[in-house]
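Asker: Just so you know, the sequences run in chain order X and E. Going by my numbering, the first sequence opens with residue 1, and the numbers climb by one from there. Going by my numbering, the second sequence opens with residue 1, and the numbers climb by one from there.
Everything labelled a hint here was simulated from the structure, so no lab data went into it. Here the structure is a predicted model, which is why all the values come from computation and not from measurement. No incorrect hints appear here.
In silico lysine-lysine, DSS-like type, Cα no more than 30 Å apart, as pairs:
id	chain 1	residue 1	chain 2	residue 2
1	X	K93	X	K34
2	E	K3	E	K121
3	E	K254	E	K243
4	E	K191	E	K14
5	X	K34	E	K191
6	E	K255	E	K243
7	E	K121	E	K14
8	X	K33	E	K193
9	X	K34	X	K94
10	E	K121	E	K61
11	E	K234	X	K94
12	E	K255	E	K244
13	E	K234	X	K93
14	E	K193	X	K34
15	X	K2	X	K126
16	E	K61	E	K14
17	E	K121	E	K234
18	E	K191	X	K33
Here is what each chain is made of, one letter per residue.
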Amino acid sequence: MKELILVIVGAALVNNIILSQFQGLCPFLGVSKKVDTSLGMGGAVIFVIVLASIVTNLIYTFVLVPFDVTYLQTIAFILVIAALVQFVEMFLKKNVPSLYQALGVFLPLITTNCAVLGSALTNVQKEYNFIFSVANGFGTAVGFTVAIVLLASIRESIEDNDIPFNFQGSPIVLITSGLMAIAFMGFSGLIK
Amino acid sequence: MNKCMERIYNGIVKENPTFVLMLGMCPTLAVTTTAVNGVGMGLSTTAVLVFSNLIISALRKIIPDRVRIPAYIVIVASLVTIVQLLLQAYVPSLYSSLGIFIPLIVVNCIILGRAEAYAAKNGPLESAFDGIGMGLGFTVGLTCIAIVREILGAGAVFGVAFIPEDFRITIFGLAPGAFFVLAGLTALQNKFKAPSATNGSVPRSNLACGGNCASCSGASCMSNHAALEVVREKAEAEAAAAKKAAAEKAAAAKKAAAGKAAAEKAAGQDAQAANKE
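Go ahead and model the full structure; you've got the sequences and the hints to work with.
Answerer: The following block contains the structure:
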């Protein structure tokens, strides 16, 4: 149990997927203008990464390893994730319209988000078993949500500030992310 | 041949993926800690890009339109696996320092973006040169950023240290430094009004998503496809409506003409009747 919590905290804060691993930067910079949308994106990412961790782990243990074709993991994972997201989108649209309203717009955006494939590959690389894979996926996705919501709230509050002309737009967002990355480096003492 | 050179110039200068289009930001920030890593990542991506453009362009008439994105992903993922295995076998040091970013080349927007924007519409030779140009442009961009970070962070260029340890700014070699270097770069582009996707001075791509890869993660091609479908359906509906309207007009004209003829005939008969009387 203790190890499980360590994996989740480690994935969420210490090795934050965006601010220290640099995966999933595109939605981080692109969908962080408003807190509401960033929350929606975060929710969709949690949903998809947890599902993808479950499915890719099952595929890896029960298909790729028995047939000794683990070198096909990249192809298998990306196809499974793409199919999974399409399927989830169709399922939600038909059966849970309220959830689809909240997450639907973001689902096609994250089919091939680096973070989803990245966390699936990390699970394999670190040889996590089923439960640890899901925990790691969940932690990673929570870390993504924390980072994107924080950035969105900072962006909302600096919106009316007097930023030097040359730094308006993406430079100030990048500097903000850099400062956040420094702050998140403070978590590195949290484990070991 | 001129066209091929034009594609290379276009990739390196006019539409440089790193400086102008701002594509593939994840590897740009993650692996640029040293110049060697930057060059390695750039060349691996170039190799994948050239062959994916070549294969996709050669197969463009065979792949059905509806399933083209999954087909592209399979092609790209196979090529990435080949590159990964080759790096693991022949350049193990680069393989371990690039780590997870080699398989993540699959989801680099540059590759699917070029497949969708260029290779799907042009011949294999031009597409291959487009891949070479874009790949070299990406390599140049990564190398420049990596050199700046390596000088500031580790006081070295390509591993040759020349700044004493006391004068190095370690943070530039770490994660936050990547953000700061890129922020400085985009600020300079704003200052000199250089063409860049970040200050809106680059014309939007003619893809339905606008070619804005900052808010895309590769999969927008799916929604791009959906948007294109909508546009096409609308155009078809409009064409059909126009055809229908034209047909109706023609029918109405015919009817009117027929009516007129009938009226004339009737009038003629009337006149005849009147004459008889």
